[in-house]
Amino acid sequence: MLDKSFFNSKNINIWSAVGPRASYGLAMYEMAKTRDDLMIITADVSTSAGLDRYRRDFPEKYLDVGIAEQNMIGIAAGIASENFKVYTTTFAPFQTARCLEQIKVNLGYMKHKVCMTGLASGLVLGTLGYTHCSIEDIGMIRSIPNISIVSPADSFETIKTLNAFIDHDQSLYIRLTGGSPNPKVYESDYEFKIGKGIVLNKGEDIAIISCGSSVNIATEVVKDLKNINKINAKLINMHTIKPIDAEVLNEINDTTKLIVTIEEHNIIGGLGSAVCEALSDLNKKNKHIMIGHPDSYGKGGEYKFLLNKYGFSKENIIGKILKNL
Amino acid sequence: MKNKDKIESIKNLAKKLRKNILDMSLYAGSSSAHFGGALSSVEIVSTLFNGIMELDKNVESESRDRFILSKGHGCLVYYAVLAELGYISYDELKTFEKNDSDLLGHPVINRKKGIEFSNGSLGMGLSLGIGVAKALKIKNLKNKVFVLMGDGECNEGSVWESAMSAVHLSIDNITLIIDNNNFQQTGSNSEIMNLGDIKKKWESFGWYTEKCNGHDVEDLISKFENFKKVSKPKVLICETIKGKGFKFSENNNKWHHSVLSKSQYEEALKELNL
Numbered sequence: 439m440l441d442k443s444f445f446n447s448k449n450i451n452i453w454s455a456v457g458p459r460a461s462y463g464l465a466m467y468e469m470a471k472t473r474d475d476l477m478i479i480t481a482d483v484s485t486s487a488g489l490d491r492y493r494r495d496f497p498e499k500y501l502d503v504g505i506a507e508q509n510m511i512g513i514a515a516g517i518a519s520e521n522f523k524v525y526t527t528t529f530a531p532f533q534t535a536r537c538l539e540q541i542k543v544n545l546g547y548m549k550h551k552v553c554m555t556g557l558a559s560g561l562v563l564g565t566l567g568y569t570h571c572s573i574e575d576i577g578m579i580r581s582i583p584n585i586s587i588v589s590p591a592d593s594f595e596t597i598k599t600l601n602a603f604i605d606h607d608q609s610l611y612i613r614l615t616g617g618s619p620n621p622k623v624y625e626s627d628y629e630f631k632i633g634k635g636i637v638l639n640k641g642e643d644i645a646i647i648s649c650g651s652s653v654n655i656a657t658e659v660v661k662d663l664k665n666i667n668k669i670n671a672k673l674i675n676m677h678t679i680k681p682i683d684a685e686v687l688n689e690i691n692d693t694t695k696l697i698v699t700i701e702e703h704n705i706i707g708g709l710g711s712a713v714c715e716a717l718s719d720l721n722k723k724n725k726h727i728m729i730g731h732p733d734s735y736g737k738g739g740e741y742k743f744l745l746n747k748y749g750f751s752k753e754n755i756i757g758k759i760l761k762n763l
Numbered sequence: 079m080k081n082k083d084k085i086e087s088i089k090n091l092a093k094k095l096r097k098n099i100l101d102m103s104l105y106a107g108s109s110s111a112h113f114g115g116a117l118s119s120v121e122i123v124s125t126l127f128n129g130i131m132e133l134d135k136n137v138e139s140e141s142r143d144r145f146i147l148s149k150g151h152g153c154l155v156y157y158a159v160l161a162e163l164g165y166i167s168y169d170e171l172k173t174f175e176k177n178d179s180d181l182l183g184h185p186v187i188n189r190k191k192g193i194e195f196s197n198g199s200l201g202m203g204l205s206l207g208i209g210v211a212k213a214l215k216i217k218n219l220k221n222k223v224f225v226l227m228g229d230g231e232c233n234e235g236s237v238w239e240s241a242m243s244a245v246h247l248s249i250d251n252i253t254l255i256i257d258n259n260n261f262q263q264t265g266s267n268s269e270i271m272n273l274g275d276i277k278k279k280w281e282s283f284g285w286y287t288e289k290c291n292g293h294d295v296e297d298l299i300s301k302f303e304n305f306k307k308v309s310k311p312k313v314l315i316c317e318t319i320k321g322k323g324f325k326f327s328e329n330n331n332k333w334h335h336s337v338l339s340k341s342q343y344e345e346a347l348k349e350l351n352l
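Chains as they are written, first to last, in the working numbering: chain A, 439 to 763; chain B, 79 to 352.
Hint data in this document are derived by calculation from the structure and do not stem from the laboratory. Misleading hints may appear alongside valid ones.
[As the list claims (entries may be wrong)] Each computed DSS-like pair below joins lysine-lysine, with the alpha-carbon atoms no more than 30 angstroms apart:
| id | chain 1 | residue 1 | chain 2 | residue 2 |
| --- | --- | --- | --- | --- |
| 1 | B | K217 | A | K523 |
| 2 | B | K220 | A | K471 |
| 3 | A | K523 | B | K176 |
| 4 | A | K549 | B | K215 |
| 5 | B | K176 | A | K549 |
| 6 | A | K471 | B | K176 |
| 7 | B | K220 | A | K723 |
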């Protein structure tokens, strides 16, 4: 486990500046210093995951299987079956869709415990086209039993999640979104538990539930709603999409006029769907709107361009909220 | 045990496995059983589990060799040997493919019953085996990993991803056995997807490769003994007969997955001459 002193403000600033991918490498390097049972497996992405220094200094705790993600998951499961703490990583589409059946059989069905990290999920690689974007990963992984899913709100939460996996009781998919620099949602250390949503702002008029890089946009939405529109919004960082935190959802007042989910994922199958299912189970009658990527493949483009195009700008989100109130 | 006695012991075990396979196929009734591909692996499994692999009654024990049935549909022969070794009772064999059974038509991980991994989706066992073998090396354990794969299974691209990596990662404590019975589900290999020269394919990936008669116990033992001297990933391509042991099923691909009638069972028992 990482020492609490690692979570200092200087490091938090560095992680924010370098973004979630480089932060991954920094966290794993720190973890490798004290753990002999650690193994990282990548599919020819050591540089993209910030792991070049790790690869050089801990060669005995690092495997590169080349561009062969199905083999990566099989090998990871085999090593995990011998009680190692195994982390795999590559770009999100190849960490999930490319080896989905290996994930199902080895991690879901057989329950071998592996921590998978999908790099650059969502739309951040939009200029490379939709082969490299990932708007489907939550939906795919969510339907496989025995795998948790976390979409960290910032680089710091990415590190908290990697650390939490050590004591977690099942496989984990960590979905990294956003670019670098990565805006800070958290300025200092805080309590993080897989499966436990965090209320970032209290409010009763509406409730906004978000995950990943969308949480930062949501904080701006909440500020403007309060200052300009006099609307008090509750904001929940639902970093864990599976298992979804029903308790924090149940605490939303019945008088709250609107529930809004915001996620950089297909409108089908992601956080919005998970919240919708939970609200239905809880028999909550609040109106719910889902903000996410439309269920289609459009033309690509720069990250900011795509976020605006698909309605993730602060202005667009506020407009949608006001229209539905 | 003298070599001659060892060979007799393995041959006797093979007979018992065929009997257990017949019993389970009969119990399966109309739900059918993967009969042919289990029978082609009988001598391979009998040899591995009677002298070649280091076994431990405790399947969680570190100091045991690991076995992965990558051709999971061949589970009848796996359950058959686990029953002979005392991991599974003969009564439990009657639950094969029954509701809520621990013995389904493909193995489901259950260490107490000796089933080390779940299999069924083809092309995954070798990657898993390489991972286990790598972990054993890190732990400085001398134990080995044995993976049994089908020839049709070699159609899967993932097999070749793992083939490439075993050599690159210097995994020298793994032995792959290919049950080369020349058939897959709906026809012969050459008809469905021609594997060409399978030995050359594995050699070209850098594996130490040998061929043998997969029903000749002496041949199998000698190849496995020779493998002990080789510090590379090793593959034994076993020429076998699908449905081996019974006239009605040998080289008859109808028995890939089929229902065994009582009269066929009786006829087979006579042939077995237990």
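Against the earlier hints, flag every one the structure doesn't satisfy and list their numbers going up.
Hint check: 3, 6, 7 fail, others pass.
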